[in-house]
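*Asks:* If you're matching them up, the sequences are chains A and B in order. Numbering that gives the first Met the number 0 puts the first sequence at residues 0 to 478. Numbering that gives the first Met the number 0 puts the second sequence at residues 0 to 478.
Keep in mind the hints are simulated off the structure, nothing from the lab. Quick caveat: nothing in here was measured; it's all calculated off a predicted structure. A couple of the hints might just be wrong.
[To be verified] To give an idea of the interface, some chain A residues facing chain B are shown, with a C-beta separation under 7 angstroms as derived from the structure:
1) 59
2) 69
3) 107
4) 108
5) 109
6) 146
7) 176
8) 304
9) 323
10) 328
11) 333
For each residue, glycine too, the CB sits at the ideal point set by N, CA and C.
There are 2 protein chains.
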Amino acid sequence: MKLYNKSVNCDNINKNLLNIRYAVRGPILERASQIERELQKGIEKPFDSVVRANIGDCHALGQKPITFIRQVVALAACPQLMTCPDIPADAKERAAEILADCTRGSVGAYSPSAGLSLVRGRVAEYLTARDGVPASPDDVLLGSGASDLIKSVLSMFVHEKDGKPSAVMIPIPQYPLFSGTLSELGLQQADYYLDEENQWALQPRELQRSWTVASETAHVRALVVINPGNPTGQVLDRQNIEEVIRFAYEHSLFLIADEVYQENIVSKPFYSFKKVMFEMGAPYSQMELASFATCSKGWAAECGLRAAFVELVGLRPEALAALRASRAVMQCPTVLGQCVLDCVMSPPAPGSASYEQFNIERSAIHRTLCERTSAAYQVFNTIPGYSCNPIDGSMFAYPRFDVPARAQRAALDSGVSPDEFYCMQLLEQTGVCVVPGTGFGQLPGTFHFRTTILHPADEFQHMLHSIAKFHQQFLEQYS
Amino acid sequence: MKLYNKSVNCDNINKNLLNIRYAVRGPILERASQIERELQKGIEKPFDSVVRANIGDCHALGQKPITFIRQVVALAACPQLMTCPDIPADAKERAAEILADCTRGSVGAYSPSAGLSLVRGRVAEYLTARDGVPASPDDVLLGSGASDLIKSVLSMFVHEKDGKPSAVMIPIPQYPLFSGTLSELGLQQADYYLDEENQWALQPRELQRSWTVASETAHVRALVVINPGNPTGQVLDRQNIEEVIRFAYEHSLFLIADEVYQENIVSKPFYSFKKVMFEMGAPYSQMELASFATCSKGWAAECGLRAAFVELVGLRPEALAALRASRAVMQCPTVLGQCVLDCVMSPPAPGSASYEQFNIERSAIHRTLCERTSAAYQVFNTIPGYSCNPIDGSMFAYPRFDVPARAQRAALDSGVSPDEFYCMQLLEQTGVCVVPGTGFGQLPGTFHFRTTILHPADEFQHMLHSIAKFHQQFLEQYS
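The following block holds chain A by itself, in its conformation from the complex (with noise of 0.2 angstroms):
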């Protein structure tokens, strides 16, 4: 009988997922994991617990749900608790406004493939009130996460010519999420440094930099902004925006807005790049723009939820046709997460039955953002040999911490860089899981680890001392 051979190897299966690079749910996940199993079969370590701060979660950092979300989402779920007392009546009337929107009613139809027209029409007034400037419910996409529909956009630019591919330009330190969608579909990645000495900011003759040395061997076709900044957490000024639009336009770039942390901002007034664009006028206005927000961040933070949008400005007719079509062979993003975006987008007016709760909730989670960001600034700039820009805003701290010229011999007699083998090591002797600076891009021969700053306090206390502590044996150590 004829030898049976598998059909997929590493050979012919497809390069670009092998490529895939995702620190955020990455090695160093894999082993806190592991720990967590390790104690629970009694093994001693140093520590009782893994603090995880890998991953931008607030539900799992403790952050209680917005009860007025959750009330519409049940509701809608299952109507038949329309008649429960505890439920107020304003949750009450918005569940039931969405499923007048629902084919029959019910959640358990598909919706159509860009969203419900209810929720779309709530994402265009938000807009329009955030801006000032007329938004369109057409111009708007639902989708299950911001990931899914960033993925969509970034596929619209695979294209060979005359044997380039297209490239994307994308900051560093960057989100992941895009050097890994890049891999995957197979686009060249364009870095571009933000400028650390200076609070994190977009330098148009970096800008600049980056595109003269991808144009090349590619067509840079696209640029990302990530506002805030993720690993970063700086809000970008109005001026600077305004600058990186007039680069984008010089070289007929599509401007892609990770806006998703908009609401999580300390003091700093947010631009969104609509708003700019616009009251830049023509020929600015007229510019190509993608631009994202989600329930996973926010004052909501629903990521198990699923719930985004994105706003397409001032596409071609016939590139919003492609991106609608290949959305509609995914049927349509989950009804109820559309129902999370539809309380997020209204939430409760003042003077409706819910408000009050709401504002207090929201306040609370806004206080949290604000001792914290302030708390992680100040910590890790008085660790020796660590240094911290501002938080602006973003649910992350992005230190940069020095390695001992013996420690980085060490990390590559074991194969992985020096943070990597710092955050190991911080993971191995105190449980506190953060991601290593290489999974967001840095100037080579600095380092920097990600950690999310939203944990309860005395966690969070905990970890920041843990961490403080660690590094001084560290560089003990290693001096």
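Using the hints provided, position chain B relative to the given structure of chain A.
*Replies:* This is chain B only, laid out in the frame that chain A set:
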């Protein structure tokens, strides 16, 4: 000032996106929506309302959701309702059990990217019981609908060798998710025809013909089987499945079994590819298989809640790892969808508080399926010029009909295929929206449409009657 060129146009957009066709949400649905708006505006038509029969969406056709599922989802979303006296104890226990597997008890936290461990365990138990073959939770990936997972699995095959792309064999007629996704991924589609004269049987000699033709220009890597058939409604018998497995073995093909309608079967027994493969023993039991199931179909039919799984059997570890990496970048499938899947894999057991109601609801759904398949089969075989194979499963009929030569010429003149011409006329004259066979594929010179059959009884009768009457007029007009 420099002229701004849009970055994305017809010449430089990802060509694969331009090639996507997905008839289920195509031009006929667009026209149906337009007609609905015209009716709302009071424009006179020969009918009062549009009957949407284009998509397998049971809730949109009036099927009521399973109460137990919706109660569990509502409680998982809003645990505050655990005290609600209207919800039975077993639904509360189930929700509590799921929440215990969510990080810090919130469905708003990300799950592992493969899905909650509890739910994957339930899937493995279901599969073990179904097949009498042990299944492992580690081989199961959950997704936001089967489409999402099928796309991931197909993406593995994107690979060129010696200037030849990979090809994937698909049945004709097929569900256009496959043709659409192959287009998007740039994979070659290798058609094999189902044998309409023999109740849509899958003939090994036709597989061989298709493989031979495709192998001239491509490396054939995988074989898709849709069982129960969509749009064709046949259920493969065991011997036929064995033949297919032997064929795949001979050619080292990866088996892709779309088994999403496995719970929508009238009377014939369902054999999963995995069961048959394992019962055939080595070497067949070592072949590569991806088998898909979804909560959008079956008795749950929760299309809008987006829940599905794939079981991956016999993959090399490196292939599985690559697939996992590409899924991890997308974070995780919706956790509330995972709750639905948990309920479907393990519905209320006899003796539990929810069993009686569940059993009544599920039986009614099955009874409807039996009645409709039989009624559709009968009616479509009594209209002169129509014929329809017995419908063993799924939720569709795919009747064949004659189109007079004059009508074929009229179609040609208006630049559409005869079946598209026929279905558009049907829509304009009766309001019945079915999908032309061109969208699924058919033998050249034969004409079909796909219609869903799970409408409420009166609507269903009205639809069949409208089609019969329309066909008679059509023949008179064009004979």
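*Asks:* Please write out, lowest number first, the hints stated earlier that are contradicted by the structure.
*Replies:* 9
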